[in-house]
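Asker: Residue strings, one per chain:
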Amino acid sequence: MLTVKTPRRNAVAALFLLAAALAAPLSSTAQDSIKRGGTLVVGYPQAPRHLNGAVQSGVATAFPSTQLFASPLRFDDKWNPQPYLAEKWTLSDDGKSLTLNLRKGATFHDGKPITSADVAFSIMAIKANHPFQTMMGPVEKVDTPDAQTAIIRMGKPHPAIVLAMSPALCPILPKHVYGDGQDLKSHPRNSADVVGSGPFKLVEFKPGQRVVLERFEKFFLAGRPYLDRIVFDITPDASSLMLGFERGTMQMLPFVTIPSDLRRLADNPQVTLTPKGYEGIGPLNWLAFNLEKKPLADVRVRKAIAHAVDKNFVTKALMAGFSKPVDGPIVPSSPFAVTDLVRYPVDLKKAAALLDEAGFKPDANGERLKLTIDYVPGSDDQQKTVAEYVRAQLKKIGIAVEVRTSADLPAWAKRMAAHDFDLSMDIVFNWGDPIIGVHRTYLSSNIKPIVWTNTQSYVNPKVDELLDTAGSVLDPVKRKAYYATFQKIVTDDLPIHFLNVVPFHTAASKKLGNVPMTIWGPLSPYDEVYFK
Amino acid sequence: MRAVQFTLSRLLQGLALVLAVVVLNFVLVHAAPGDPVETIAGASGGMSEELKAALRVQYGLDKPLAAQLGVYLGKVAGGDLGYSYFFNLPVAGLIAERVPATLLLVITAVLGAFVIGTVLGVLSSRKPNGLLSQFINTLSLVGFAAPVFWTGIMLVILFASVLPIFPVSGMRAIDSAGASGFTDALDVLHHLVLPALTLGLVYLAQYSRLSRASMLDVLGSDFIRTARAKGLSNRVVLYKHALRNAVLPVVTILGLQFGNVMAGAILVETVFNWPGLGRLAFESVLRRDYPTILGVLLFSSIVVVVMNLLTDYCYRLIDPRIKTS
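Respectively, the protein sequence lines represent chains D and W. The numbering used here puts the first sequence at residues 1 to 532. The numbering used here puts the second sequence at residues 1 to 325.
Keep in mind the hints are simulated off the structure, nothing from the lab. These numbers come from a predicted model, not from an experiment. Take these hints with a grain of salt, some might be off.
Taking lysine to aspartate or glutamate and the DMTMM-like style, the derived pairs with C-alpha atoms no more than 20 angstroms apart in a straight line are [as the list claims (entries may be wrong)]: (1) D:K294 with D:E357; (2) D:K316 with D:E367; (3) D:K370 with D:D298; (4) D:K448 with W:D184; (5) D:K414 with W:D184; (6) D:K384 with D:E367; (7) D:K206 with W:E283; (8) D:K141 with D:D93; (9) D:K206 with W:D184; (10) D:K175 with D:D143; (11) D:K206 with W:D187; (12) D:K414 with W:E49; (13) D:K127 with W:E49; (14) D:K414 with W:E97; (15) D:K206 with W:E97; (16) D:K414 with D:E292.
Chain D with its partners taken away, still in its complex shape (with noise of 0.2 angstroms):
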């Protein structure tokens, strides 16, 4: 039956690739009927630091960053590089040099030509500030042989340097305005009189309100953008958002994890509702354990408490259906995913028998162990809930679980960052490539005093050592064999419970067209975004 089986869904997924490329924003008919003009307004609840993505990750600052400034490449949906400010790229045989060949007479929106000095500047500022240490972390200089000509010279092979061109990871600054000697991490022109290159320029910067774009007329895609405007809409309130969505105030909403505004969202005809646009960002949902514990070093109690949750549950009852249960450290849409994982089906008679066996007997009430559980504050349906039910479903098992609140975000963090957890859940995003985004939470290496390193204090060398390789490894084949042995050990050796990928979703009008859909969706330049 299985053998049979197969080849369908292989056969079914072909034509649902087929479909997807038909539909691909590029093709040329699509571009027949497009119109110019209209304000795109775009509601998000965070407030952006400033707009210079190149010192400040996050996706608050990507937003109008990627519209700013332009990267030496962009991504398809399918994880393909495509040609931006770069027109040609070739990396290295030994994996140590990236040739970036410049588009020419691309300038940006002062004026002044973007070369090769710029995208030299730009990686080195990166390099410097960037809060992802690793993404750049191997690159020791830029040639610029020419002016449409930049080398990036790597001290040992680092595959992730082409995703790391990325939009919304390598905005190309211009050196004549951020390279005046003052620290780039505080430059005033961070906030204001921002320039780039990248599709729209700055015409205003409210902090916590609102970041107003208009349409840069001399682009280096001609005819782009078809925008006049963007305004991104800074609104905390969840619920204001979505009046604000369904008045028509606003055209897009991305990032929306809320069940019942989902549900609101897929029954409106006039919407569009994806969860297309995230596989970059790769976010998990994730139940943490910490090894400095004592019951909790024990894996047979971790693997206990796996089979204690139901995951379905979690994605189908809790979340809604618009979630998808994830059993590994890397999201299912990431190139380095695979199937062959360690799995936990539910089994609370398992359960039982592991902390019998673990010496966990229950007490005259029924009781084994006590445990705390920490959640992330702000992102209710992804995180209190599940805590929730987590502690409900322990309790099943003998495990009495108390739910730690935190008031807000940094007193979450300052529990983490001093290892101050039995349980905690948590979200983390891989951000494309492993190197950027999964490496840091197993590397033995990385426990740190900082949330979002291995705070599980995870150690296992043969981890360290096939991450390590991994990390610089050329052949994409190679080094996804070492990332699926990774991926089994881990899973194996349990120092999280992987439970869902956090279910994203653009809702746009119906009226956009080309709603950005790239691995980066939302963090991608929306030069293609039209109004119907």
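Dock chain W against chain D, hints included.
Answerer: Only chain W this time, still in chain D's reference frame:
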């Protein structure tokens, strides 16, 4: 001479109060768990240890708390509120940008509540057991009992979703940039209706009840009987003789409550996405943006002190007896 002395002593008191507020706020804000660098790291999706240490040094967070307080007080004395950790912009600028929105909201709400509340109170005091009085009474009770955020959300649902005549969010239409003065003013007024109503409703209820009670009290006194005996019309007795006396307690409450109104503005501004100081303060707390929180609190405490001073002046205007006492 006496007025000058009065003003001076009040200003000194006010200054001491503001200083106490600054120190207390400083200690309280730093006592909250978590720190701004962790928050910035959080907004960035992770950050290296070196970068965090560099940020701590940049913000002076590596120094002991007492030293930080000393530096802060010195700066404030020189009129420098410092730089926002989060936005990397001068706090004074951030506050200045938000002040007009909050003042517009708070003053509209309070003055509206004061005028309408007093009128309602007077109206219902004319026939204390009449139908109108009962109606106003019930309304005030509901208005007083309902929490601001609940009223706000109910109004949002009613007017924004069911009967979409008022905007629910923001201070200006999103695509309004570059509108002319008059259109812009109309736009702002349109956006102001719901938040001002929400914030004003609680105070309206209080003022109407207070002025009603105080009117009833005054209406029973001898000088009113004298006025009526003189043959003055009911209108003159009510508005010229009674109201002028009855309004004093309302003014007292108004002055005292100004601080409360500023606090209520935080909720209203959050619900209606009104770009004011309250929202800035609330979000700055979540970001542990110490300089901004302290700046907003300092500004609010100054406003409250000034308002109390103004209330005292209003007393002297309304009731000449206070001048001599």
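Asker: Would you mind marking each hint as holding or not holding in the structure?
Answerer: The hints, checked one at a time:
no., hint, in the structure
1, D:K294 with D:E357, "holds (15 angstroms)"
2, D:K316 with D:E367, "violated (29 angstroms)"
3, D:K370 with D:D298, "holds (15 angstroms)"
4, D:K448 with W:D184, "violated (52 angstroms)"
5, D:K414 with W:D184, "violated (45 angstroms)"
6, D:K384 with D:E367, "violated (23 angstroms)"
7, D:K206 with W:E283, "holds (15 angstroms)"
8, D:K141 with D:D93, "holds (18 angstroms)"
9, D:K206 with W:D184, "holds (17 angstroms)"
10, D:K175 with D:D143, "holds (15 angstroms)"
11, D:K206 with W:D187, "holds (18 angstroms)"
12, D:K414 with W:E49, "holds (14 angstroms)"
13, D:K127 with W:E49, "holds (15 angstroms)"
14, D:K414 with W:E97, "violated (32 angstroms)"
15, D:K206 with W:E97, "holds (9 angstroms)"
16, D:K414 with D:E292, "holds (17 angstroms)"
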